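Participant: Chains as they are written, first to last, in the numbering used here: chain H, 508 to 633; chain B, 508 to 633.
Be a bit skeptical, because a hint or two may be false.
Using 30 Å as the maximum straight-line C-alpha spacing, the simulated DSBU-like pairs for lysine-lysine come out as follows [as the list claims (entries may be wrong)]:
hint	chain 1	residue 1	chain 2	residue 2
1	H	LYS567	B	LYS510
2	B	LYS550	B	LYS510
3	H	LYS567	H	LYS550
4	B	LYS550	B	LYS567
5	H	LYS567	B	LYS567
6	H	LYS510	H	LYS550
7	B	LYS567	H	LYS510
Some but not every residue of chain H turned toward chain B, in silico, with C-beta under 8 Å [said to hold, decoys possible]:
hint	residue
8	THR522
9	ILE578
10	THR611
Think of the hints as simulated: they come from the structure by calculation, not from any bench. Note that this is a predicted model, so its numbers are computed, not measured. Here a beta-carbon is modelled for each residue, glycine too, at the ideal position from N, C-alpha and C.
There are 2 protein chains.
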Amino acid sequence: MHKSRLCGFIIDCQTEDLGAAAAFWAEALGMPAQALPGAEGEKYVRLDDPLARLHVEVQKVEHPSRVHLDIESDDVEAEVRRLEALGARRVRQVGTWWVLEAPTGQRFCVVRAQSAGFDREARAWP
Amino acid sequence: MHKSRLCGFIIDCQTEDLGAAAAFWAEALGMPAQALPGAEGEKYVRLDDPLARLHVEVQKVEHPSRVHLDIESDDVEAEVRRLEALGARRVRQVGTWWVLEAPTGQRFCVVRAQSAGFDREARAWP
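The shape of chain H in the complex, shown without the other chains (with noise of 0.2 Å):
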């Protein structure tokens, strides 16, 4: 048995300006940036959301941009199994998450749990 939840969603945009990108975005949502340290602060700037209730990046990206949802699991393969079933495809793995394409084109990610009340909100599959 695992679990899994949506935890948020990643804003993806095609820019040179990863600080202008999350500054329009910080505004917009009401959601003030983040920088985060090292490596991936070059690429990804975190918003606060004020209610908590999701996770919220955006990143610096060379496809189209777009937004695309994240799911988190305790355990990242029998996850994306599980949404094989249901009809989506793998695209690639980056590190230790998935790239996924949904039946209807979206692309989305399954993440490792990142999120504080995983373990007591997230669902479980048999």
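For chain H, the structure is supplied; the task is to place chain B on it using the hints.
Facilitator: Below, chain B alone, put in the same frame as chain H:
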């Protein structure tokens, strides 16, 4: 003075089979699908977040599939003007809401305030 906040996201699916699209996303995200009455139900299916974090719907669309964010406001026109000042541009008005395009390229919507906690939780803009 008006208020706004991120209220949720819409999973836009370029499909003839809204039911199958909603069934995939409901299972993938662990959020039960809830049919909507009347004409709205021909285009939208609501997904109930058991954690009541965000408003999520699957929408049947003609354009390529994507995910888009919704910002809710008690004054849609004032919120659109605030976002224009940040660099967004108006794409078109649909009923009571506006479709905007971010300077980073993503389309998103400004809709009328609809969440139970809006008055208490939304951010006020001068």
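Participant: Run every hint past the structure and note whether it holds.
Facilitator: Tested hints:
Among the hinted pairs, LYS567 (chain H) with LYS510 (chain B) is consistent with the structure: their alpha-carbon atoms are about 29 Å apart, no more than 30 Å. Restraint check for LYS550 (chain B) and LYS510 (chain B): satisfied, since their Cα atoms lie roughly 28 Å apart, inside the 30 Å limit. Among the hinted pairs, LYS567 (chain H) with LYS550 (chain H) is consistent with the structure: their alpha-carbon atoms are about 5 Å apart, no more than 30 Å. The hinted pair formed by LYS550 (chain B) and LYS567 (chain B) meets the criterion: a straight-line CA distance of about 5 Å does not exceed 30 Å.
The hinted pair formed by LYS567 (chain H) and LYS567 (chain B) meets the criterion: a straight-line CA distance of about 29 Å does not exceed 30 Å. Distance restraint check for LYS510 (chain H) and LYS550 (chain H): the Cα-Cα separation of roughly 28 Å lies within the 30 Å cut-off, and the hinted pair is therefore satisfied. Proposed proximity of LYS567 (chain B) and LYS510 (chain H) is supported: the alpha carbons are some 29 Å apart, at most 30 Å. For THR522 (chain H), the suggested interface contact is upheld, since its CB lies about 6 Å from the closest CB of chain B, less than 8 Å.
Given the 8 Å rule on beta carbons, the hint for ILE578 (chain H) holds: about 7 Å separates it from the nearest Cβ of chain B. Given the 8 Å rule on beta carbons, the hint for THR611 (chain H) holds: about 4 Å separates it from the nearest Cβ of chain B.
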